[in-house]
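Asks: Chain by chain, the residues:
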Amino acid sequence: MSAPAPNSTAPKIMGAEKIKVIVSNIVPLNDLVTRFEFKRTDGTIFPTFSGGAHTMIEMQDGDLKRMNPYSLMSDPAERDTYAISVRRDDHGRGGSLFLHQKVQVGDTMTLSYPVNLFSLDLRARKHLFIAGGIGITPFMAQIKQLNAANGKWELHYSCRSPELGSYVDELTSKHPHSANVYYDDQKQFIDLHTLLDGQPIGTHLYVCGPKGMIDWVRKTAAAAGWPKAHVHHEEFLAPKPGKPFAVRLAKSGLAVEVGAHESLLEAIERLGVEPPYLCRGGACGQCETDVLESDGTFIHRDHWLEDYEHASGTKIMPCVSRFEGKTLVLDR
Amino acid sequence: MSTFHFPESIRSRPVYGRLEARPGKAHLMIADAQGAEAILGLALQVPELMAKTHVIFIPKGTDFGPKLQALSPAQYYEGPSYAAALSRIQRVLSDAAMGLQIYLTGTEGLMGQAQNAAMQAGYDYTAIQTEHRGSLARRMQCVHCKGITEDVILDPFECSHCGLNLFVRDHYSRRIAAFQGVCIDAEDPGNVPPSQEIYS
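If you're matching them up, the sequences are chains A and B in order.
First residue of the first sequence? That's 1 in this note's numbering, and the numbers climb one at a time after it.
First residue of the second sequence? That's 1 in this note's numbering, and the numbers climb one at a time after it.
Computed from the model, here is a short list of chain B residues facing chain A with C-beta under 7 Å:
{"no.": "1", "residue": "A97"}
{"no.": "2", "residue": "Q101"}
{"no.": "3", "residue": "G122"}
{"no.": "4", "residue": "T126"}
{"no.": "5", "residue": "A127"}
None of these hints come from the bench; they were simulated from the model.
Owing to the predicted nature of the structure, the values given are computational and were not obtained by experimental measurement.
Even for Gly, the Cβ is constructed at its ideal location relative to N, Cα and C.
Use the sequences and the hints to build the structure in full.
Replies: Encoded structure:
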């Protein structure tokens, strides 16, 4: 447990515990994707993690403190290094640009303890992985974990082009029979119907990639009679920029203006109020917040709340959702 | 009707639903005794289901067999007991592909054991449909000697292995596919309340 903040009566749970690290290596993989490797500043070993886990990276970008989740893609058995691979998003809020442009080898940074919201179901007889683009990262760690345990897996990895196929060479040279790669620019596509047809009982299906791909895989599997419990997906939403808006926090008696390029959660944290969180990407449900008063339109972007909750105007996930209107009062 | 409304209980106690046709490449229905009625009902609603369905039935003295066969399922097997049917169930499961839908109906003992067989094949138990029909008898494990007594209808009952007087609990084990029976007179041997039928 981290030490409670001064003057607080109860220890606060805000995300996971933190680890100070030094950037030990930066490896550009292609035009868009770069790998960042970290070692602990205190020279000790990292906590173990399971394939599919992510870490939250704190980035001090001028006045703005960002915290973005990235899947750990190093070998879970390798305790002296954590690695992430980051795709540059020129139209995002700037977290990936910050990493790509400002972070250098030797910089110190803060990571959170790993949290896994996309773990392997180890009861599975076989693991079937579907990856799209940078969605390959959690599978890199899961594949290493499964190989160490003699697990059975098969990967179908779709990339835009050979030039942008991160880790394709590593995967296909080490696992020529298990790793299958498809290039959009060569008109190669995953034949999902055929792939799902005839998979042995006890197969678990995992998909990580763009939203369209996740929806397509989940829908196709459901129509083919795959139980929900056998289909796993990970989709972290990055908070999207939007119009600035004002919010009042009833419990703390504070008010703040949420900037165009910051999330509601980040603005709340800027005031020193610390809602719980784990993923900061609309998936884990930790930061769910009650709305006490509102006059305007919610821009719900999470996939945690139910549709009726979105429609009710009484709950918001401040990590990814925004608001446009006159008044917003939250129970924080 | 062979249905019973189970009262609310502890979280460990399995709850059963109503069978419904779900999309799937193949369907496996396992039933004993009055469970046949649930299959007959489902087949009446969705007759085309049966052409892709393998039915495994344990009559336990009932005469539903010919009616089930008349549904013309893709495959039909009738066995004298669950134990006799188990090797076939295991074979069907090991040959099955994802997209198989599993439907279990009849007594709790039958559903629990067939669920266990499906779990061992790697099928998630939450995806298996169940519907209770017929007898309220339970498959009980003595927590003391670990022996299983099938078709227990009285509470308390005498363990068929070690002879202890056992109280019928709602505490259930999916791994063993049995409810737990706990000695009722451990502190005061011989002080055993009269047996009653479960839920009477």
